[in-house]
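Q: Here are the chains, one letter per residue:
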Amino acid sequence: MVSNKSMFQQFDKLFIPFITAGDPNEELTIDLALILEKCGASAIELGVPYSDPLADGPVIQQASIRARRNGMNIEKAMELAYKMKERGLKIPIILFTYFNPVLQLGEKYFFTLMEKNRLEGLLIPDLPFEESGWMRKKCDEHGIYFISMVAPTSYNRIKKIAENAAGFLYCVSSLGVTGERQSFDERVSDFISHVKKYAEVPVAVGFGISSNEHVKKFFKISDGVVVGSAIVKQIEKLIPLLTNANTKQSGLQEFERFIHGLLH
Amino acid sequence: MVSNKSMFQQFDKLFIPFITAGDPNEELTIDLALILEKCGASAIELGVPYSDPLADGPVIQQASIRARRNGMNIEKAMELAYKMKERGLKIPIILFTYFNPVLQLGEKYFFTLMEKNRLEGLLIPDLPFEESGWMRKKCDEHGIYFISMVAPTSYNRIKKIAENAAGFLYCVSSLGVTGERQSFDERVSDFISHVKKYAEVPVAVGFGISSNEHVKKFFKISDGVVVGSAIVKQIEKLIPLLTNANTKQSGLQEFERFIHGLLH
Amino acid sequence: MKYPDEYGRFGEFGGKYVPETLMKPLYELEEALKDALSDSSFQQQYHQMLQKYSGRPTALTFADQLTKHVGGANIFLKREDLNHTGAHKINNAIGQALLSKRMGKKKLIAETGAGQHGVASATVAAKFGMDCKVFMGEEDIDRQRLNVFRMQLLGAEVVPVTSGNKTLKDAVNEAIRYWVQHCEDHFYLMGSAVGPHPYPMMVREFQRIIGDEAKEQFFNEFGKLPDVVIACVGGGSNAIGMFTPFLEEDVKLIGVEAGGKGVETGEHAATITKGTKGVIHGSMTYLLQNQYGEIIEPYSISAGLDYPGVGPEHAYLAKIGRVVYESVTDEEAILALETLAKTEGILAAIESAHAVAKGIEIAKTLSNEQSILICLSGRGDKDVHTLMKTKGGVENGF
Amino acid sequence: MKYPDEYGRFGEFGGKYVPETLMKPLYELEEALKDALSDSSFQQQYHQMLQKYSGRPTALTFADQLTKHVGGANIFLKREDLNHTGAHKINNAIGQALLSKRMGKKKLIAETGAGQHGVASATVAAKFGMDCKVFMGEEDIDRQRLNVFRMQLLGAEVVPVTSGNKTLKDAVNEAIRYWVQHCEDHFYLMGSAVGPHPYPMMVREFQRIIGDEAKEQFFNEFGKLPDVVIACVGGGSNAIGMFTPFLEEDVKLIGVEAGGKGVETGEHAATITKGTKGVIHGSMTYLLQNQYGEIIEPYSISAGLDYPGVGPEHAYLAKIGRVVYESVTDEEAILALETLAKTEGILAAIESAHAVAKGIEIAKTLSNEQSILICLSGRGDKDVHTLMKTKGGVENGF
Ligand SMILES: Cc1ncc(COP(=O)(O)O)c(C=O)c1O
Ligand SMILES: Cc1ncc(COP(=O)(O)O)c(C=O)c1O
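Residue numbers (the numbering used here), protein chains in the order written: chain A, 1 to 264; chain B, 265 to 528; chain C, 529 to 926; chain D, 927 to 1324.
Do not take every clue at face value.
[Said to hold, decoys possible] Simulated restraints, written as ranges between beta carbons of each label pair:
#1 C:H575 / B:K380: 35 to 41 Å
#2 D:K960 / A:D185: 46 to 52 Å
#3 D:Q1107 / C:G790: 48 to 54 Å
#4 C:T893 / B:N334: 40 to 46 Å
#5 C:N693 / D:L1173: 56 to 62 Å
#6 A:G261 / D:T1191: 49 to 55 Å
#7 A:D185 / D:P1086: 53 to 59 Å
#8 C:H575 / D:L1173: 52 to 58 Å
No lab work stands behind these hints: they were computed from the structure.
Glycine included, each C-beta is placed from N, C-alpha and C at the ideal position.
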C-alpha cells in the first residue's frame, strides 16, 4: 500500500527532473541521471518517447523524436531504469509515459517489467482521475506510486485527486503543455496553497519551470519542482559535446553546472 | 419588282460559284471572278467575311479569316463588286452576307451601297423566311433579287418559300454547313423535284458540291449548282502562286483549269 | 406572359435568325415545349427531378452578418449555389433534357465557356442515359482543365473548338454548326436564355423556379415582397428566372452585367450598358460589336458572364425600362466575394458576386425596413484558382 | 440511447484520456451540451440554420440508372453532397458553433486533414462572427492549397503543423495542445465522432439529422425501411449520423473503411478491420499501432478517411456485432466513383465512393424487392485533382 504515502523522506525542496529515455542515447541518459542525483534530485522522471505526445511542447517532442530514432521504446525505457540502478542510482525513478504504450504491453507484462526494472513511480499524463481508478489500484498492489496531477482548471476536482494521491502530487503550474514559460500567473500561489490543503503527500509544481528564479519561487510556496523542458533543452544544446568521446566529460560538467545554477 | 423572276436568261445548267471578298486580296478576287465568268459562271456569289459565320464550314471560315486580316468588311466587299463590274464583269453579283453586318449599316445606307455598287442579288443565310419579309420587300423595291433557301428539313415550308422566291431558289443539298461532301443522300432527288414543283424561278443546288461528278448529277436533276467550298479550297491552295507576281498568271491558269474540270 | 409573340419576339428583340435548315427543328421544339409545359405529368417529372435529384427548393438565407456589416436594407440570398453541380444551370439542363427525352432524342449537344453548363449538361445526360457532346473553345479548355475532366468523368465528350477566338462565342457557333448537321436526332441544350426562339422562352420557363420559390419563401416568412431583386446577367438565365415572377409586382429589378476592367476601358462584357442592337446566335438583341457588325470579344474575370450578347428578353426589359441594368467591375465583384465569404461563410461564384456587389451598394441607400433579394446563382469553388491568382495565393499570406 | 454512460464509455470504448487540464472544459462542455440538447430554442436555432443556411433537408435520390446498371437491390443515396460546403461536415460544425456561442466562447479551434472540416469550421465561424484557427499539417497544406485558400478567404487562420508526420493526426495533437493552453475562452470544434467524451456523443447528435431525415424520407415514400444502410467510416461521423436512427431497427448496417492498397499490404486506414484496441486523441477505441502503442500513419487515397483511429461508438458497435465493418480499396472506390458519375451524373467524394463501392457489391447479392440506402457524405469537386492524377488527366483522353 503506497497510496497517501510520500515517496520521499524529505518533504520539501524536492527537485524532480525530467529526462527522456534514450536522448541522446541510452548511456548518456544514465550519465545524466547520475549527475542529476549528484546535484540533489529527489527522483528522476524518465520519459518514454512516444509518437503522439499530446501533452508535450516542442522541446520534449523533439527529444522524443531523437530517442525514437535511436530505437527507444517503452520496454527499453523501463530496462534503462534498471541499468541506472545498476550503475548506482539510488533515488526513485518515475516512469513518465502516455497511456497507450502501457495498454499495449498489457497489465501483467507491464507490472512485471515495472518490478523487474525497479521502477518506483508511474506518471501517465493522459490518464486523469476518472480513468485511472483501476491503474491506481494496480499500482498500489504492486507498491508503485501512481503520480496524480492537478491543474489550474481542476477546481472542485482537487480535493478528490489530492486525497487519493500517492508519491507526490504533481501540480500543473498553468494552462498549456510542457515547455518553458517566461513568467507565471499571479493566481498560481493561491492555487498551490489550495491544493496543499488537501494533499497528504508533497506537492511539487511543474510545467514551465526553467530558471533559478522560478525554482526559488516554487520552493517557497510548494514542496518542490518538476523541471522538464529546461533540462531537455540544455541536453539538446550539449549533444555535440556529449556524443563526442573527446568532449563528453566536459559536456557532462557543463550539464552539472547548468543544474547547479538552476537550483542554487 | 423582281420577285418570282429569274435573274438569268437561261434556265438550266446554271453555275453559281462562291468566292470570299478579299481572299486572298481584292485584286485577286476580281481576277478570279473574271475567270469564273469566262468559264461560264451565271453569277458570282460574293461572300462578305464575318466574325461569326455560323452557317459555314471550316474552308469558308478560313477564307473569312484571311480576308478579314486583309481589312475586308461589308462596305469594302460591296465596293469590290463595283470594281469587278468596272473591270468588265457582266454576270450578276449576289452579295452573300450574314444579317448582322447588313443591320449595322442600316437599311438606307445598305441599299444605297447595293445600288451604287451595282449588286444584283442578296443572300442572307441566317435570315429565314419568317424574318425576311421586310427585307424581301425592300429588295423588291430596289430591284434586288433576295435569294431564298430551302433545306431538306423545310418540308411544308417549301411551298411558301418557293412561291416567294426571287432570282433563283437555293436548294440546300443536305443537312449541315457549307463544305465539301463525299456523297449525297438518296433522298436529294426527291427533295429537288418536290421543290421544283413550287418554284417559278430556277432551282440551284448548293452545299457540298465539289466534283465534276456532283455537278453533272445536279445539272441533271436541278437547274444549276452553287459551288463554294470546293472553289475556295482551290484558291487557298493556289495562294502561294497567286500572290507572287512571277507566278500569278500560272496560278490563275491553274484555277481556270480547275473550274473547267469541275464543269466539263 | 404576353411575350414572346408567335415569332418569338420580345418587342423588337428575339426571333429566329438561323439557317433555314434549323427552322423545322425549332418549330418542333416549340411545339414539344408547349405541349410539355401544359402537361402535368411533364411538370411533375421536372419538379420531382429538381427536388429529389438537385435538392430543390434551394434555401433562402437571411444574410444577417452581411446586413449588419453593410448597414441599411436587409439582404437575402436565394441559394442557387446549393443546387447539384453548384449553380442554377442544372434547373435548365434538367428541363431541357427531360424535353429531349420526351421528343425521343437521346443525343445532347451543348456549348460551354467555363464549363458550368457543360458539367450540368453532362450530368443530366448521365442521369438520363443520353449521349452528350460539349463544345468548348480550346482556350477555355486550357483554362478550365478541371471542369473538362469533370465532364469526361460524367461520360460526356468534350469537343475542342478551334475556330474564331476559341472561346464561348465560338463554341456556340460550332455547336450550332454541328446541330445543323445532326438536328434530326440531336437536341441542342442551350445553356442560357439566348439563341433563337424558343430557347429564350424555354430557358426562362425552366429557370423561373428560382423566382417562384424565392417569392413564395419570402412572402411566407414576411407577408410581403422584397423591395429590390438583383441578379447577375451573362446570357441572362438566372436573372430572367429570378425576375419573371416579380415582373408584374411593385418590385425594383436590377440586372448586373460584368464591367470587367471598367465599361469605359472597352474591356468588359456589359452588353446592355454598352452594346448595340444586332443579331447574335440567332437572336435580335444587344451585343458588343463594331461598326461592321462584327462581334467583339468581351472581357470579364468571370467566365460565366464573358458573353458578347444577352438574352433578348433582357434587351426588351431594358428597352421598356422595367429592369435596370448596371455593371460591376472585376475588382468590385472580387471585393464583394471576399466580404460575403468573411461575413456569411459563403463562397460565391464570381458571377454571382457581381450581383452581391450591387446589392451591397444598394443596401446602403435603403433603410432597415427594406429588403433586397439577391440571386446567388452559383458557388465559387470553381473560381478558387482564379482568386488565388488574383490575390497572389497562399504564399502571400492571403 | 443507452450509451455513452456517465464516463462517456460505449462499453469498453470511449472515455476521456486527456491531460487533467482539459477535464473541466470537457465537463463544462458536457453540461452545456446536455442543456442545449434539451432546450427547444437551441434545437430550433440548429434546425433553422440547417434549413435556411445549409439547405437541409438534403435530397434522397433514387439511383435508378445505377440500380439498372448493377442489377439487384434498389439503390438510394442520401445526398449530403448537397449541403453548403459540400459535405455532411457542416451539420456538426453548425451544431458545435451554436453551442460555443451559447457557452460564450467566440474563438474556435479546429483541425483538418484534407481541409473539409477546416472549411466547414471557417464557414460557421464567419457566419457567427467568430475567430477561427484551423490546425493543418504542413504536408496537407502542400497537398490541399485550394482548401487552405478557401479557409483564408473565409477569414480563418490556418496554422501549419510541423510536428510528427505533419498530417491529420498531428494536426489533432497540435489542436489539442493549443486548446489545453486556451481552453478558458476557446471552443475546440472537433470534426468527427472521435476524441474524448463528450465529443463522440456530441458529433453523433449533430450528425444524426442525416439518418433521421433519410429514415423519414424513405418511410414516407415506401412505407417501410431500407434493408441495408451503408456509410463510409473515417472518424465515423457521417456513418454514426446515418446509423443512429436505424440501430434499433431490423436493418443491416455496414460501415466501410478505407482499404487503401489492400488491407494485407499494410497501406490502408482500415482501423476496425485491422486495428487493435488502444487510446488515441483522448478516446479508447481501435487504432493502427505497433506493439509499443505507437501510432502508425495510415494510408488512403481519400484524405478524409486517412485517420489512424475511429470513433469509439463504432468500436463498440463492431464489438457487439450490430454494425459490420468492411473495407474497400482505393481502386474499388475510384471505380465506383466513375460508375456513379457515368450512371447518375453525381460526382461523389472519394470518401463517399467507398460506401458506393460496397453498396454496388451488396446490391448484386439482393433482389429488386430490396433496397440499399447509401450515405453520400460529400461531393467530389475537391477530388478532381487527385482523380486527374490517378487517371492520367485530360491528355490521356480520359
Ligand atoms: C454561377 C453562374 N452565374 C451566372 C452565370 C451567367 O449565366 P446566366 O446569365 O445565363 O445566368 C453563369 C454562367 O456560367 C454561372 O455559372
Ligand atoms: C466527404 C467526406 N466523407 C467522409 C469523411 C470521413 O469522415 P467521417 O468518417 O467523420 O464521416 C470526410 C472527412 O473529411 C469527408 O470529407
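Q: Now tell me, hint by hint, if it's right for this structure.
A: Hints and how they fare:
Distance hint check for H575 of chain C and K380 of chain B: the Cβ-Cβ separation is about 59 Å, which falls outside the suggested range of 35 to 41 Å. Hint check: K960 of chain D to D185 of chain A, Cβ distance near 31 Å, so the stated range 46 to 52 Å is violated. Between Q1107 of chain D and G790 of chain C the beta carbons are some 49 Å apart, a value that agrees with the proposed interval 48 to 54 Å. Against the hinted window of 40 to 46 Å, the Cβ-Cβ separation of T893 of chain C and N334 of chain B comes to about 52 Å, which falls outside the hint.
Remark: the range hint 56 to 62 Å for N693 of chain C to L1173 of chain D is upheld by a beta-carbon distance near 59 Å. For the hinted restraint 49 to 55 Å between G261 of chain A and T1191 of chain D, the CB-CB distance of approximately 53 Å keeps it satisfied. The hinted range of 53 to 59 Å is not satisfied by D185 of chain A and P1086 of chain D, whose Cβ atoms lie roughly 29 Å apart. Look at H575 of chain C against L1173 of chain D: about 34 Å separates their beta carbons, and that is not inside 52 to 58 Å.
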